[in-house]
Each structure stands twice: as structure tokens, then as C-alpha cells.
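Trainee: The residues making up each chain are set out below.
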Amino acid sequence: MNWFLIVIAISAGIILLIRDWRITISALLINYISLSLFLVEQQFLPPDLDLPGISISTTALVRLITGLSVAIILSITALTFSKEYGLQNLDEFGLAELRRAARAAQQQHTDRQFRLSDYVVPFWSGVLALIASLTLPQIYLIAPSQAIDFTWCWLGLTGLLTIATAGDLLKIGLGLLLCTSSIDLLYTSVVSSPQASGVGVIPLTLLSLVTILLALTIAYLSGLLYGRLKTLELDELYKR
Amino acid sequence: MLYLLLIFFPISMAATCFVLRQRTVLVITAAVATMLIQIALAAQIPLDAPARLLGTTLTLNALNRLFMLIFLGIGITAFIASLHLPHGENFVPVMLLVLSLASTTLLLQDLFIVSLLLIGASLVIVLAIVDMPTGTSALLATRTIASALKYLVLMVLAGVLMYLSFVLTDIYRPGEVSGRIPLARFILGLLSAGFALRLALAPFHAWLVDVVEDAAPLVSALVIAVFNVIGLLVLVLTFQSFPALLTENAFGLGVLRIGGIVTSIAGGLLAFAQTSMRRSLAYLLVYNAGMIFYGLVSVSTVGLAGAMFEALNQTLSVTLLFISLGLLEQPDGRPANVVRRDLLWRWPVAGAGLISGGLALLGLPPFNGFASKLLIYQAAAQQGWIDLVALVVATVLGGLALMKLAHEWLLGQGDEAPVSEPALLGEIEIDRPPERRLDPEPRGPAILAMLLLMICLGIGVYPEPVLATIDDVIRSLAFVRAL
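Those sequence lines, one after another, are chains Y and C.
Start counting the first sequence at 3; every next residue gets the next number (the working numbering).
Start counting the second sequence at 796; every next residue gets the next number (the working numbering).
These are calculated hints, taken from the structure and not from any lab test.
Computed from a predicted model, the values in this text were never measured in an experiment.
Hints should not be assumed to be uniformly reliable.
Said to hold, decoys possible - EDC-like cross-link-like pairs, simulated, lysine to aspartate or glutamate; straight-line CA separation at most 20 Å:
hint	chain 1	residue 1	chain 2	residue 2
1	C	LYS945	Y	ASP237
2	C	LYS945	C	ASP926
3	C	LYS945	Y	GLU238
4	Y	LYS241	Y	GLU43
5	C	LYS945	Y	GLU235
Given these sequences and hints, build the entire structure.
Mentor: Below you can see the structure in the form of C-alpha cells.
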């Protein structure tokens, strides 16, 4: 078993289970770094860039930069939308709405100190995803090894389940990004195999671009939601 | 060079329009000029002459050129309509960007890139859904944010499923049995789920209803008239690239045909159950998506020609429907609390446009949907009378829904104008409520609606030229010959 794949799987599991954005976004960054290192190690793409002490493929470096950009975008979003409200810019109606939102947030905070029940659904869905990810490579061997098959399945399923169990908008974004990571790993490992058509530069570049655009869209929607409701919680969005 | 211009010129114009977005008339004029230049460029590209660009093949066939020209025409219509109809601050740049991505998708043969472009376009459309008009004081509705979020999640998942299936098709060799379930069936399942999400087939249709209800009418027109139709063309390209998916999947195709029938019936039934005009229209679109999908997966020459022709007709009908809807939703001088049920009598062109667009969607003569629906029914009859009866039932349900919509919103009695009462003791003229003045129908969008209506009627009465082009292309498709 490859260590990078283990780190990828564990970080995806953390994103599924944990609610705190500081931990989940860090896990996403680790996930991207591990994915890039895995691709460098496996040499699906021939190295074309000589850095001091290491020869790597440019696309692996692009992957790393994409991961960093996404993590930075989401961190800035989370930081911006969890700080003090700009009270001086609000009129009476805004203040009234803010008081209501603050009461709701306080209530939510007291409710959510640590409730084991919050983790039950993500945990058991994670268990189901684990079983499915272990079973699927037995039925279809798609990637060059079972370990890679397990990892892309696990990434895709945890992404899907993160979306399904998400409590806030950022978590939905993290789920979508896990899904794109899954197809990224599958594409690079499968299409670079001898019997396939070969990895194209444009699909890889476009995938990185789409990943960054996705993070930006999530950040934009977060801004709109926070501007309207002073929270990123989905409960509040669907309450009205 | 022509290909590069076709792809990058609207992108550069989108950036320019974004910078100048406060100057509405200038931006719209520039956008219309861009579309006209695009039409000239598309007309000059030689057909079926592939070109290589960064390892990717670009080519244009007759069918894709026809659709490209229609999309660009729809773009011009939408830009002109946006002079009068409500739209967001960034509508023009977003639409230019989306139309550029649509043109690129029609030129490309690489399905990996196509699926990523579709995801990228969906991300751009999300911005259009939550876009607010310039200088508005209204707050963005939370429902609109929820709709945009739903659209984003489902479109990204659709793209991921499509990408996944394209990776599998890349290593799939026909005849191989590598597992307990044939891989071709697994791939077709993934593809179907991806395209069902994108085309809003039941039970994945919820996003379409929400977008139609919460987004500006012109944005809904863009999503359905351009992007759903692009999805269909990509599905045809997929079948063309991997005909083995169909030849080894007779059972899977049967299931997909049932899916098309269920979608049509569910769409018609749910359209009938709605009380809002927008939701009724949305479910009529779901009905039509089911009909088109049925034609496509019938994988017969007749069915495919019907599906492609209907997709083209849908582009026109949907634009007509949403321009008419945007017009009818404009204030006409009556207070906001008055329920307006006499819209056809008040604004006849918009009312007639809405009814005609609906009739065209249902495929009733003499509108453009008639010939295409007839082909789809013919394909259903080839499969068996049960399929034919089911599709006819779906159309009847859709027809009842349209009648209900017309009865409730268009053909009803007008509210009584307040009767002038004699002045009370001590009351002077200034104390009396002002006499109500109802606004006339806005002329610009009404002319556009009329023009679209004439085109729909024209194609309905004389469909041969369009049908001949579509038929020629369909007959040359490898997977049709293989089946």
C-alpha cells in the first residue's frame, strides 16, 4: 500500500467527518499535496522540469499550485465570513435582521457544543463508502492497481457523501472538490496506461482551471449567503 | 485562425462588456455586433475539415453549424430583449462567455474537454442566476441562492459522472467481459445518470423547476435553449465516438426509453398540478426533455432525426416562451396586489407568444414542433404501441396543463376598473384617487416575440429544408449504421 494514497484517503475521511472549517480546509490542502506527490512518485507523466534534487512533471506542479490556490480561496472565504459584522454599514432593517441572525447563531452555538449525533450520519455513510470502495475494485479493475481504484472510489464517494451530509456551504464546496480530485486521479492514472489514448495537456490544465473556478464560485455564493443571512449554515437557507 | 477567432473573440468581448457593464446600450450593441461577426465566422468555416490545435481536433459538421447559427441568433434575440426585460448587471458578459463556450463545445471532438467545458459553463451560469440588476435596492432572495446552489451541485456532479464514463470508455474494448456486469452497461449507466442530470430528466429534474422559478426569464432561456440542447449534441457525439455502448446494450437502451416515457408523463402530470405560471412552464419543459430523450435513445434514423429537430425547435420555442413570460410579468399599471388573469387581452402579442410557444412544445400543428414530434411518435410506433400510447398520453397531459395555464392566467376576466363615484361633501378633485392608466404592451420585445412566432410558424409549415439537413447528418452517423 502506498503511503500517499493512505494520506489521501484519511484526509478525505476527515473532510467527511469533521465540521470545523480550519481542520477540513487543512485536510483538503494535505489531500492535494499528497495527490501531487503520488503523481510525481508514480511518474504517470514523464518528468519535464528539473528542480534542485528532483525531476517532476509540470502537470504535477500545476496540481500542487491548484491545490494551494483552492485552499487559500476557501480559507479567505471562511475567515472573511466568520469575523465581526460591519455594524456601521447597517441600517435599522439590517440591524434587526442581524439581531435575529445573532440569536439564531447563539442558539445554534449552544446547541452544537459537541453532539455525537452530528457525527453519526457522516460516520456511517463513511463506513458505507469504505465498503463500496473496497468492493468496487474487486468487481472492476479499472486503474493500474487496486490501491488506485480504491482511492478514486473513496474520494468520489466521500465527496458525494460530504455534499449529502453538509451543514454549511463551504462543506458542499469541499465535497465537490473531492469529486473533482477523484476524476483527476482516475484520469491521470488510467488514461496514461499503454492501452489508453494518453494523457492530454489541455484536459489536465482545464481540470485545474475548473477546480479553481469551482472554489471561486463557492466563495462568491458564500459571500451572497452571508450578506443575506449572516451565516453559511444551510439550515438557515432552507428555513425561509 | 477562424476557429481561434470563433472561440476567443467573444471571450475578449465578454471581458470588455464586463468593464463597461454600467453602460447598458453600448454593451448590448457591442454584444449584438459580436454575435453578427460570430455568425459570419461560423458561415466561413469549411464543413468536416478537421484542424489540430494543441493536440486537440476541431471540426464542424453541418448539424453543429446549424445549431451554432441558431444559438448565435438566439443570443442576438436575447441581447435585444434585454433592453426592455429585467436582467442582471452581468447578463451580457456572462451570456457572451457562455455562447463562446457553447461554440467551442460544438467544435471539439475530445469528450474529456467537452465535459470540462460544460462544467465551466455551468459555473458561469450560476453567476447569471444570482445576478441582480444594476442599482437595484432589492435584496437577493434566499430562494434564488438555494436554486443557484442546487444547479451548481447537480451540474458539477453531472460533469463528474460524464468525465468518469469517458475515462472508462477510453480503456473499454468491445467484447471484453471484465467483471460480473458487462462494463458497457456500467458505462451506459454512468453516462445516463450524468446526462439525465444535465437534461433535467425525471427524477433529476428539480434544478430546472427551481431555475425557471427563481432566475430571470432570459437566464432560464439561456440555460434551457442553449445548454440543455448542447447536452443532447454531446450525447450524440458520445454515441458516435463509442457505438459499442449501444450495440452491446439492448437492455440498457430499453431502460432508457422507459426513462424518457416516465419523464414525459411525469412532466405533463406535474405541469397540470401547478398553480404558478413559471412552474407549469418548467414542467412542460421536463415533458419535452423526456420526449427528446426518447427519440434519441430509440436509436433509429427516424427517432434521432425527430430528437434533433425537436431540440432545434425547443431552442426557438423556449426563447419565445421566456421572452413572452418576461413581458407578461412586467407591471402593466395595475397595483401589485391585483391578480392578473386577463394577460392575453391586455398584452395580446406576449399572451399569444406564450400560448404558441406552449403549443409548439407540445407539437401541435401548425407550429414547428409538429413535424419533429411526429417523427418521435413514428419511432415510438416502431418500438410498439405501448410506447406510442404512453407518449400520446404524456402530450395530452401537457395539453391539459397548457389549457389550465391559459385559463388561469391568460384568458380570464379582467379586474373591474374602479367606478367613478360622485364627490363627497367637501371633497375636491385632488382628494380623489387618480384615474387608473394601464400601460400599453412594450413594443420592442413584442416585435421580437412576433418575429419568433413567425419563425416557429414558418418552420412548422415548411420544415423540409431543416429536416433535410438533419436527416443527411443522422444517416451518416456511424452508430446509426451499426445498429
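Trainee: Determine for every hint whether it applies to the structure shown.
Mentor: Each hint, compared with the structure:
Restraint check for LYS945 of chain C and ASP237 of chain Y: satisfied, since their Cα atoms lie roughly 14 Å apart, inside the 20 Å limit. Proposed proximity of LYS945 of chain C and ASP926 of chain C is supported: the alpha carbons are some 16 Å apart, at most 20 Å. The straight-line distance between the Cα atoms of LYS945 of chain C and GLU238 of chain Y is roughly 15 Å, inside the 20 Å bound, and the hint therefore holds. Our distance criterion of 20 Å between C-alpha atoms is broken by LYS241 of chain Y and GLU43 of chain Y, whose separation comes to about 48 Å.
Taking the CA atoms of LYS945 of chain C and GLU235 of chain Y, the gap is about 15 Å. The hint holds against a cut of 20 Å.
Against the hints set out earlier in the document, a violation occurs for number 4 only.
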